[in-house]
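Respectively, the protein sequence lines represent chains A and B. Under the working numbering, the first residue of the first sequence carries the number 26, and numbering increases by one thereafter. Under the working numbering, the first residue of the second sequence carries the number 623, and numbering increases by one thereafter.
Hints in this document: simulated from the structure, not taken from any laboratory. Check the hints yourself; a few may be wrong.
Stated by the list, open to error - The calculated BS3-like cross-link candidates involving lysine-lysine, where the alpha carbons are at most 25 angstroms apart (straight line), are: (1) B/Lys854 to B/Lys705; (2) B/Lys941 to B/Lys904; (3) A/Lys152 to B/Lys854; (4) B/Lys854 to A/Lys116; (5) A/Lys96 to A/Lys116; (6) B/Lys629 to B/Lys941.
As the list claims (entries may be wrong) - Only part of the chain A face toward chain B is listed, based on derived beta-carbon distances under 10 angstroms: (7) Val91; (8) Leu196; (9) Gly198.
Owing to the predicted nature of the structure, the values given are computational and were not obtained by experimental measurement. Glycine residues also receive a C-beta, built at the ideal position from the N, C-alpha and C atoms.
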Amino acid sequence: MTEALLDVEKLNTWFYTRKGIVKSVRDVSFDLRRGEVLGIVGESGSGKSVTGMSIMGQIDEPGRIVSGSIKLAGEELTTLSFTQMRHYRGKRIAMVFQNPLMTLNPVMRIRDQMFEAIGEHENVARKEIHRRCVDALSAVGIPSPEERLNAYPHELSGGMRQRVVIATALLLGPDMIIADEPTTALDVTIQAQIIYQIRRQIDQRGLGMIWISHDLSTLSELADRIMVMYAGATMEIGTTEEIIGLARHPYTRRLLESVPSRNKPGEKLQQIPGNMPSLLSLGQGCPFASRCERATAICNETVAPTQLSDTHRIWCNHPFED
Amino acid sequence: MLSFVLKRLLQSVIVMLLLSIVIFVGLWLIGNPADVLISSEATEADRLAAIKALGLDKPLWQQYLIFLGNAVQGDWGTSFVYKEPVTTILLQRLPASVELAAVAFVIAITVSIPAGLYAGLRPDSAPARAIMAFSLVGVSIPTFWQGMLLIIAFGIAIPILPVGDRGDIATYFGITSSLWTLDGWSHVVLPAFSLALLKMSLLIRVTRAATVEVSHLDFVTFAYAKGVRAWKVVIGHILRNALIPLVTVIGIEVGNLLAYGVITETVFSWPGLGKLLINSIKVLDRPLIVAQLTYTALLFIFINFVVDILYTVIDPRVKSVMGRQVT
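All chains, please: the whole structure from these sequences, using the hints.
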């Protein structure tokens, strides 16, 4: 096994709100290797986006990383200040967001938004910056990149804008990219193109990638490994085959059952009964216990991880056996 | 773009015509200037002669058309009271009002935008709370009252600033202003601050609201994620977008500064247009009132026009929308 590019250990990110402490991420651990796509899947509020922002060092007040460690190629990131982290953002870790219509500043030309990404990190001549921007745009399949540089975001389609965002993320040749639902807001056909472009970049450049999504079917096509999150905690982590085909956690099973494509046409969609518990009032036990049909008294008290294989790990007291 | 400008100009002319009618009829309803201007001891013959001389004997629509015809040629009539052309009187008073408004504008902008930006970026911090409390007081106190308080505080209790009038005037580069002299500055500071206070407080609140809204948008998070320095994100991304709603409010407030200095000018005996307007209304000096109200209307139309143009500079999306509407 090659050394991990990113190593997250027992990460806790909490928000100190007036109503109480919202424990958005609790004891989450995972690693990421070069050339690998790790998918993080979960419902809204599962803590998947907060995990991404924690790695970026961009947790806004009143939230903060309470404990745990995030190591990028051996370097600890959690002890760095917001200003120190600036040198890693964009340069070592880049990020792509969900809504391409909102990710670009509407009053700035594409050129200026891409230029600033380079200019903030490297002292290079404008001509060189220009060349690199054009290259980056053509690399993600944007036709006539020279003209696109002069455009304002509103002059481009959603798919084009997301390509611009991805090109910007790739500009400085980062070690890894965090993509927070980057194709959710796009048409299915555009989705496929974007996923293809991203996969190509990962393979060519040996990037690590964290792909945050609520959509298991997209992840199954793209990810090498998948981590399932629920109410701020990890439920199950494993290779894509292990999660899609050999899921042992009741929550993962229910999640897989509710994917529309797995149902026959006309059949009612499977739902998971109940709601996610409030993140304000979580105990030591399994957060899924209240909705889980296999739960027993112990599930409200404690839950311990079980290692099923080198790559497959679950947090469940009563996992499925097959 | 050009067709947009032409269209706006045509609209402006129509608005001006309608406004002039409203002003004319409104003043006619208020009262007959002859009753105020002509001594009650004058004989009936003198009275009729005076009314004829002022042109008040003709029917209203004729008076209006005569006024309009003259106004288009630049003749705004002669003041009933001062017996001087209205244009001359207004031009004498204009510099005082403009310099008061200009200083007030600079004070309002330089305080409100940084303060509002800070309060929007750190909404829970102690300084932000202080700024918001200040602005709440600023929008709540009536202008005439805070003006008098300022006079009591800095003119009487701690007499460091002169109160009333413009102070020494000097002329450089063909511009006569009290801003060229130190004495002039000492006179303008207090009324300008008084005039600025309300606008400042209002702009602080608008800036803060716009900043709070913009700073939570994705492109700001993305800018940080690119590793852009914090101050560059604030200036280049947050402020630039927050300016879009701000420009409208600033435009209206500039108009207000120039047109409604009335209260401040009265409280501080500032020899500007505002004070002139109040005096003219008291004696029903119709040509002077008409001219001033028309000037105010023109000013607002002009400012709105400038704001529209500024929009296209700040927000590229407006330009493309405008282009589509016209063609």
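Evaluation of the provided hints:
1. The straight-line distance between the Cα atoms of B/Lys854 and B/Lys705 is roughly 58 angstroms, outside the 25 angstroms bound, and the hint therefore fails.
2. Among the hinted pairs, B/Lys941 with B/Lys904 is inconsistent with the structure: their alpha-carbon atoms are about 46 angstroms apart, more than 25 angstroms.
3. A hinted pair counts as satisfied when its Cα atoms are at most 25 angstroms apart, and A/Lys152 with B/Lys854 qualifies at roughly 22 angstroms.
4. Restraint check for B/Lys854 and A/Lys116: the C-alpha separation of about 17 angstroms stays at or below 25 angstroms, so the hint holds.
5. Straight-line distance between C-alpha atoms of A/Lys96 and A/Lys116 comes to about 16 angstroms, which keeps the hinted pair within the 25 angstroms bound.
6. For the suggested pair B/Lys629 and B/Lys941, the alpha carbons sit about 15 angstroms apart, so the restraint of at most 25 angstroms is met.
7. Using the Cβ-Cβ criterion of 10 angstroms, the hint placing A/Val91 at the interface with chain B is not satisfied: the shortest such distance is roughly 19 angstroms.
8. Taking 10 angstroms as the C-beta cut-off, the interface hint given for A/Leu196 holds, the closest approach to chain B being about 9 angstroms.
9. Interface restraint check for A/Gly198: the shortest CB-CB distance to chain B comes to about 13 angstroms, outside 10 angstroms, so the restraint is violated.
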